[in-house]
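K.L.:
The opening residue of the sequence shown carries number -7 in this note's numbering; numbering runs sequentially from there.
Derived by calculation from the structure, the hints in this document are not laboratory data.
These numbers were taken from a predicted model, which means no experiment stands behind them.
For every residue, glycine included, the Cβ atom is placed at its ideal position computed from N, Cα and C.
Heads up, a few of these hints could be off.
[As the list claims (entries may be wrong)] Cross-link-like lysine to aspartate or glutamate pairs, in silico, DMTMM-like; alpha carbons within 20 Å at most:
(1) K70 / D98
(2) K107 / D81
(3) K107 / E96
(4) K123 / D2
(5) K123 / D104
(6) K107 / E16
(7) K70 / E42
(8) K123 / E111
(9) K107 / E14
(10) K70 / E14
(11) K123 / D98
[As the list claims (entries may be wrong)] Now the in silico label distances, taken between C-beta atoms and shown as ranges:
(12) R77 / E111: 15 to 25 Å
(13) P(-3) / T59: 15 to 25 Å
(14) E101 / N3: 37 to 47 Å
(15) C25 / C61: 12 to 22 Å
(16) T109 / P(-3): 17 to 27 Å
(17) C25 / P67: 34 to 44 Å
(18) C39 / I60: 17 to 27 Å
(19) M64 / E96: 32 to 42 Å
(20) P67 / G94: 19 to 29 Å
(21) T89 / S41: 38 to 48 Å
(22) E99 / W65: 35 to 45 Å
(23) P84 / D4: 19 to 29 Å
(24) E111 / T59: 18 to 28 Å
(25) S23 / T89: 33 to 43 Å
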Amino acid sequence: MASRPLPRLDNDNRAFWTGGAEGELRINQCSDCGEFTHPPRPVCRHCLSENVAPQAVAGTGVIDTYTICHQMWHPAMKVPLVIARVAIDGAPGVYLTTNIVGCEIDEVEFGDRVKVTFEQQDDVFVPLFEKAG
């Protein structure tokens, strides 16, 4: 089976893509202003401080919006699949575009509570979400 397309790991994004090895969803947080920044970058997008570091967040959230994809765009991505934007609990302003897994596509609704699960491929742990509860 083909694998899903993977990111190229670098110093800025490595903690995000490998945190799943410890079961952690890691989002960069600024030590100066306390705000979160995603996607990962070496400078805070709020105050431009360079004092940013990955922090483990709850790994839960709410489906803000979603769509159901019926067209296969990669061999590893079996369709239909749910592509969702998840508002991450405890990290205001952070939304992850991800897949909702572990349920039928017609069971997904706006506002559903979700929790992170990780799909490992090589050294990368892709954060996916499943319905909570």
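K.L.:
Now, for every hint given, state plainly whether the structure supports it.
P.N.:
Status of the hints after comparison with the structure:
Pair hint K70 plus D98 holds up; C-alpha atoms about 16 Å apart against a cutoff of 20 Å. Note on K107 and D81: the hinted pairing holds, with a Cα-Cα distance of about 10 Å set against a maximum of 20 Å. Restraint check for K107 and E96: satisfied, since their Cα atoms lie roughly 16 Å apart, inside the 20 Å limit. Using a Cα cut-off of 20 Å, the hinted pair K123 and D2 is violated, with the two alpha carbons roughly 30 Å apart.
Note on K123 and D104: the hinted pairing holds, with a Cα-Cα distance of about 7 Å set against a maximum of 20 Å. For the suggested pair K107 and E16, the alpha carbons sit about 11 Å apart, so the restraint of at most 20 Å is met. Simply put, K70 and E42 have alpha-carbon atoms about 40 Å apart, too far for the 20 Å limit, and the pair is violated. With a C-alpha separation of about 16 Å, the suggested pair K123 and E111 falls inside the 20 Å cut-off, and the hint holds.
At most 20 Å may separate the alpha-carbon atoms for a hinted pair to count; K107 and E14 meet this at roughly 15 Å. Taken as a hint, the K70 and E14 pair is broken in the structure, with Cα atoms around 27 Å apart against an allowance of 20 Å. As the CA atoms of K123 and D98 are separated by approximately 12 Å, the hinted pair is consistent with the 20 Å bound. Under the hint 15 to 25 Å, the C-beta atoms of R77 and E111, about 18 Å apart, fit the expected range.
Checked against the hint of 15 to 25 Å, the pair P(-3) and T59 passes, with Cβ atoms roughly 18 Å apart. Distance hint for E101 and N3: a CB-CB separation of about 38 Å, consistent with the stated range 37 to 47 Å. Remark: the range hint 12 to 22 Å for C25 to C61 is contradicted by a beta-carbon distance near 37 Å. In this structure the supplied range 17 to 27 Å holds for T109 paired with P(-3), their Cβ-Cβ distance being about 19 Å.
At about 43 Å, the CB distance of C25 to P67 agrees with the hint of 34 to 44 Å. At roughly 38 Å, the beta-carbon separation of C39 and I60 lies outside the given 17 to 27 Å, and the hint is violated. Range check, M64 to E96: Cβ separation about 18 Å, and the 32 to 42 Å hint is violated. Taking the beta carbon of each, P67 and G94 are about 21 Å apart, inside 19 to 29 Å as hinted.
A beta carbon spacing of about 26 Å between T89 and S41 contradicts the range 38 to 48 Å that was offered as a hint. Look at E99 against W65: about 23 Å separates their beta carbons, and that is not inside 35 to 45 Å. Between P84 and D4 the Cβ separation comes to about 21 Å, which falls inside the hinted range of 19 to 29 Å. One distance hint, 18 to 28 Å for the beta-carbon pair E111 and T59, holds here, with the actual separation near 20 Å.
Against the hinted window of 33 to 43 Å, the Cβ-Cβ separation of S23 and T89 comes to about 26 Å, which falls outside the hint.
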